[in-house]
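Number of protein chains: 2
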Amino acid sequence: MEKIRIAIAGYGNLGRGVELAIRQNPDTELVAVLTRRDPESVKILTPGVPVYSIGDAKMIQDKADVLILCGGSATDLPQQTPQLAKMFNVIDSFDTHARIPEHFENVDRASRESGNLAFISLGWDPGLFSLNRLYAESILPQGKSYTFWGKGVSQGHSDAIRRIEGVKRGIQYTCPVEKALEEVRSGSQPELTTRQKHTRECFVVPHDGADISKIEQEIKGMKNYFDEYDTTVHFISEEEFEKDHTKMPHGGFVMRSGVTGENRETSQMIEYSIKLGSNPEFTASVLVCFARAIARMSSEGMTGCRTIFDIPPAYLSSLTGEELRAKML
Amino acid sequence: MEKIRIAIAGYGNLGRGVELAIRQNPDTELVAVLTRRDPESVKILTPGVPVYSIGDAKMIQDKADVLILCGGSATDLPQQTPQLAKMFNVIDSFDTHARIPEHFENVDRASRESGNLAFISLGWDPGLFSLNRLYAESILPQGKSYTFWGKGVSQGHSDAIRRIEGVKRGIQYTCPVEKALEEVRSGSQPELTTRQKHTRECFVVPHDGADISKIEQEIKGMKNYFDEYDTTVHFISEEEFEKDHTKMPHGGFVMRSGVTGENRETSQMIEYSIKLGSNPEFTASVLVCFARAIARMSSEGMTGCRTIFDIPPAYLSSLTGEELRAKML
Numbered sequence: 001m002e003k004i005r006i007a008i009a010g011y012g013n014l015g016r017g018v019e020l021a022i023r024q025n026p027d028t029e030l031v032a033v034l035t036r037r038d039p040e041s042v043k044i045l046t047p048g049v050p051v052y053s054i055g056d057a058k059m060i061q062d063k064a065d066v067l068i069l070c071g072g073s074a075t076d077l078p079q080q081t082p083q084l085a086k087m088f089n090v091i092d093s094f095d096t097h098a099r100i101p102e103h104f105e106n107v108d109r110a111s112r113e114s115g116n117l118a119f120i121s122l123g124w125d126p127g128l129f130s131l132n133r134l135y136a137e138s139i140l141p142q143g144k145s146y147t148f149w150g151k152g153v154s155q156g157h158s159d160a161i162r163r164i165e166g167v168k169r170g171i172q173y174t175c176p177v178e179k180a181l182e183e184v185r186s187g188s189q190p191e192l193t194t195r196q197k198h199t200r201e202c203f204v205v206p207h208d209g210a211d212i213s214k215i216e217q218e219i220k221g222m223k224n225y226f227d228e229y230d231t232t233v234h235f236i237s238e239e240e241f242e243k244d245h246t247k248m249p250h251g252g253f254v255m256r257s258g259v260t261g262e263n264r265e266t267s268q269m270i271e272y273s274i275k276l277g278s279n280p281e282f283t284a285s286v287l288v289c290f291a292r293a294i295a296r297m298s299s300e301g302m303t304g305c306r307t308i309f310d311i312p313p314a315y316l317s318s319l320t321g322e323e324l325r326a327k328m329l
Numbered sequence: 001m002e003k004i005r006i007a008i009a010g011y012g013n014l015g016r017g018v019e020l021a022i023r024q025n026p027d028t029e030l031v032a033v034l035t036r037r038d039p040e041s042v043k044i045l046t047p048g049v050p051v052y053s054i055g056d057a058k059m060i061q062d063k064a065d066v067l068i069l070c071g072g073s074a075t076d077l078p079q080q081t082p083q084l085a086k087m088f089n090v091i092d093s094f095d096t097h098a099r100i101p102e103h104f105e106n107v108d109r110a111s112r113e114s115g116n117l118a119f120i121s122l123g124w125d126p127g128l129f130s131l132n133r134l135y136a137e138s139i140l141p142q143g144k145s146y147t148f149w150g151k152g153v154s155q156g157h158s159d160a161i162r163r164i165e166g167v168k169r170g171i172q173y174t175c176p177v178e179k180a181l182e183e184v185r186s187g188s189q190p191e192l193t194t195r196q197k198h199t200r201e202c203f204v205v206p207h208d209g210a211d212i213s214k215i216e217q218e219i220k221g222m223k224n225y226f227d228e229y230d231t232t233v234h235f236i237s238e239e240e241f242e243k244d245h246t247k248m249p250h251g252g253f254v255m256r257s258g259v260t261g262e263n264r265e266t267s268q269m270i271e272y273s274i275k276l277g278s279n280p281e282f283t284a285s286v287l288v289c290f291a292r293a294i295a296r297m298s299s300e301g302m303t304g305c306r307t308i309f310d311i312p313p314a315y316l317s318s319l320t321g322e323e324l325r326a327k328m329l
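Heads up: the protein sequence lines correspond to chains Z and H, in order.
Each residue of the first sequence is one higher than the one before, starting from 1 at the first, in our numbering.
Each residue of the second sequence is one higher than the one before, starting from 1 at the first, in our numbering.
In short, the hints are calculated from the structure, not lab data.
Remember, predicted model here, so these are calculated numbers, not experimental data.
The reader is advised that the hints may include incorrect statements.
It does not matter which identical chain is used: a pair holds within one copy or between any two.
[As the list claims (entries may be wrong)] Calculated pairs, SDA-like style, for lysine to any residue (alpha carbon to alpha carbon, straight line, at most 20 Å):
1. Lys151 to Pro78
2. Lys151 to Ser267
3. Lys151 to Arg185
4. Lys3 to Ala160
Full structure from sequences and hints, please.
See below:
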């Protein structure tokens, strides 16, 4: 069996996760890593796999069936994905929801012109959560959908905390409110405010002599980040931070509360949830599994941009259609 | 907009559910019902829609974009689906897992020869549960999968109870064991026996003068049905049965407990669950939503048999690709 040859662009937490996920999928192999840093300075885990400057991407154009982009959505991917789609089949995890249509257009144009295939916005939200919203809303057209996130680390909110004067280290967890989850599960289709759905929990290591009540006030009042939420701030030692707060757990819930029946009298509930020990490792596992699909669909001649909505589920599995029907249906 | 014209074959609980689901989907319409009973004797809910004998199916061949088969898997569907696939695009909910490959072959042959498209084994298990097994196992290749059913009515077990002498009415609920669910959620990947996963709860209305301890013994010892489970039997009055036990609730859980990371040290959990007020109404909602997909895929020229694994999710929605990306991704 020929393995699916994967290259990685960007070797941070996500890129390293992709490298690890490739090890768990025997029908895939890592062929190269591209980086914006000095390639000499990047030490990867897989022996014998070369690291190149991203500017030298052309060198591996014929060596990779797909390039998985592991940069950030704010500035990296809007540029990199369309650009690299001119040379490769590409997969990214672009997650700025509001800018997806624009990103789609740019990537679609580039990949059509080059005859490549591109999957954008893969991961869990956007990604698996979007997929579950689609299935559940299509099946139960009358009802209400809910998405809850957490408990998990929000990178954006953690960054915001760290910009406050006097903060040495900081991390923020988004937590779904258990009472709200239960209300949704009851089938009552509640209207929930932002405050009722999630709380925000912050752990801060202050600099020596910092005014911690001022830090707490600044966090809690921060517009768009914290002011609409019930926020708690814990001040802890650097040791405690190091011990308990350096992982990247996350998770969440997608729920559809629907009704069926002659007079809409029957309550029907669909709930999808994930609980992740590591957000980047899980997202990476999603990306690698879709590498299988892009290789197959590209070999069938498809080009242009696709999202998780367009990909037949069978393409994600290493099993044949016959095996899937016999074992998994 | 032209509506998707749906015909129903078989007007029991599922067929009636399909009729109700069509009302909830404004882009679909019911055009006819086929029955094995005397058509005159079948009163449906939708005014003006004709009921024909199933032997007269040919009469509506040009009037329906898809025929949804609502018969049973034991004897109806193995015959009906291949036969009616010669005339129509067909959708069924064939759920005898072990016989799916054979059923697939028969339906595939018939529908290819006639140039029609067929979707088999739709619903929730097989169906949505299968889909979730496929996504989760493809994303987390190293791990363990679990399926729990219930709390819900098992038709087969209820039938078995009703065959016992002295039983006037009877119903059986399959119940997942909460402790087992929690063990799986912990990430410990337990090995669970049949007995550890589910219990069986029976409600029986005995005939006057029946030997209830004999009934209880017979139920609990019944091979393949109850002997491997912890079973409780409640004897109740006919009034209580009528009040509390004439609905068809069901549900269940599909869970994937996986590991990622350099030394498989990271626990990752995916859980999908449904809680249904009415099993047939929910299954019917799934079937009608896939009618949208079969109409589209058929109009693109596809023929032959497909399962839920082969159908791109976007085809289930009435929204365009552009709308889906903007609103749901």
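Hint check:
Within a single copy, Lys151 and Pro78 get their C-alpha atoms no closer than 28 Å, and across copies no closer than 47 Å, so neither meets the 20 Å cut-off. Proximity of Lys151 to Ser267 under the C-alpha cut-off of 20 Å is restricted to the inter-copy arrangement: shortest distance 15 Å between copies versus 27 Å within a copy. Proximity of Lys151 and Arg185 under a CA criterion of 20 Å is satisfied in both settings, with 18 Å inside one chain copy and 15 Å between copies. Taking the closest pair of Cα atoms, Lys3 and Ala160 never come within 20 Å of each other, the shortest separation being 42 Å inside a single copy and 50 Å across copies.
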